[in-house]
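K.L.:
Fit chain B to the known structure of chain A by using the hints.
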Amino acid sequence: MNQPLFAIQLRNEAVKLFSRKRTYLGFVVFLVIQLVMVWLLRQPLPMKGITSLLANNGFAVEDYSGGLTMAAFTMVFTVALVCGLYLALVSGDLIAKEIEDGTMRLILTRPVSRTEVFVMKAMVGAAHTALLMLFVGVSGLLVGWAGHGGLGRLLVYAPLEGVFGVFSPGEGLFRFALATLCMALTYQAVSALALMFSCLRLRPATATVLTLSVLYVDFVLNTVPYLASFKPWFLAHHLSCWVKFFHPEIPWVDILSSLLVLLGLTMSFLLAGLGFFTTRDIKG
Amino acid sequence: MSSQHYEPSMVSLKSVTKRFGHRLAVDDVSLEVPKGTIFGLLGHNGAGKSSIIGMLLGQVFPDEGTLLINGHDVFAHRRRALARVGAIFETPAFYNHLSGEKNLRLFCEYTGRVHPKRIAEVAEIVGLSQRIGDPVEVYSHGMRQRLALAQALLPDPSLLILDEPTEGLDPEGIIEMRGLIRKLHSGWGITILASSHLLSEMEQLCSHLAILREGELLYSGEWRKEISAQKRIRLRTGRQSDAETGLQKAGLVSSAGPGAIRLTSDRKISDVAEWLVMAGFRIEELAQDNMSLEDFYLETTRKGRSAGVQ
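Chains as they are written, first to last, in my numbering: chain A, 2 to 285; chain B, -2 to 307.
Here chain A stands alone, though its shape is the one from the complex:
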């Protein structure tokens, strides 16, 4: 079997990443969050709030108590803060951890270019990001479906993004799938940011903390009402563009412009990371 070298390198890089237990931490935490959410939302007090919100808008709670609403609810309120943590943890480790452990020195005894090593790392980092985001969507749907006995209609309420939408099961599933795919794309910027920090002369934990610092400060600034006119400058504003798929009318231009901004940022982070990695000394 003659596999191209690129495929062998990529496979091995994936083996390294996905053979580590901490790679799965984000998956486990999201599953736990979803299970807890399902349980909590079935308790009388939260149910009362949801019932009155729906009743005030002329909807019956029974129609919207299902997998779709549950999954969207979990995503809207957790992804921005929780996903960043696990993406930073994994992508912040990709290069810095190998340098800290000494394995990068051994890799670079081989006649392989640093650019190749970086590209492999960036690709598996991107794959992990996409998998985690897709997992969040799919597992949320399954957990919600199992917990509430069906998909139901989709109700989305995202106060930060000013979104309130209700959809039939078919339309809801379509919107949910688009939002999940979009999320898998937007969060590549977070992964690239962490990878860039991972290429600096920093410990892996510092690269992770730096990434989280940028994300959280940006997130907080994005929520300050007085800074609303600066929103297009905040990463969080663009990262949450997937929520716009739950607008009654999908604002395609807004979503595409956010995706373009994020693509530009992702490429910039990757190029900066590549620059740092290919020009730095790697010592024991």
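If you are wondering where the hints come from, they were derived from the structure by calculation, not from laboratory data.
These numbers were taken from a predicted model, which means no experiment stands behind them.
Since no wrong hints were added, every one of them can be taken at face value.
The following residues of chain A were derived to be distant from chain B, with all beta-carbon distances above 12 Å:
| no. | residue |
| --- | --- |
| 1 | A147 |
| 2 | P160 |
| 3 | P252 |
The calculated lysine-lysine pairs, modelled on DSBU-like cross-linking and capped at a C-alpha distance of 30 Å, are:
| no. | chain 1 | residue 1 | chain 2 | residue 2 |
| --- | --- | --- | --- | --- |
| 4 | A | K17 | B | K114 |
| 5 | B | K11 | B | K222 |
| 6 | B | K265 | B | K222 |
| 7 | B | K228 | B | K265 |
| 8 | A | K284 | B | K11 |
| 9 | A | K284 | B | K32 |
The beta-carbon is built from N, C-alpha and C at its ideal position, and this holds for glycine as well.
P.N.:
The following block gives chain B in isolation, referenced to the frame of chain A:
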């Protein structure tokens, strides 16, 4: 270089300088490692040995100078330069949760698929056949070092770079590692460049040496030839200082002093004996003084750069 019987250089450093911040780690070092030798980089911690190895592997960028392996510039033609190079470091680092075999694959498949037969071969050479399937986290330090050596041998290297290969090993491990290095050199014809601060290891292994101090190259060449060329003798007589002065005046010795009497180049020890007897000195001891590497190292570092880089 005084080694006419060796093939051209496997490794060449030309005026290499490296600074880390304000610290000068390698100071204008030029060095040739002849093919087929066991070449030692000797020096205290921080002398610049690891920096030179780092630059040779393209992991540390020199501020000035050129580094060639087998005639190829390490930075301009990395692939060609490192195509048949294996290296191990002082602290062998692996993916601990994976097996030895998986680790070998991960490190070596950056440049192409590795056949399982080849992995079995190198595991056999380093004596890890029985444990190659075990996770590296259960390996002892000696086993990890042998796995590192297996990793270095997989690409069928013509040059093996060993950075402090016996560091941290127990006496048994040191002897095993030394035996392996010798076997690889004599049996496979691999040129070996090893760094160490352990004089006894270098003395037992290396035909050629480079002595470094604070980034400066103090000596480079065939140290045993250098020692024997110095023609040192050990002399003890009743009137020591008179004898030494007389021998110098007679042109039989070039320098004299405590423990460092040297014959002039065209004289033999028998000439000294004859002169001493004729001059009426009672000889208590007269013998060729075989300088140890420790003496040579101390003398070279004491004299500094003037010791002569060949």
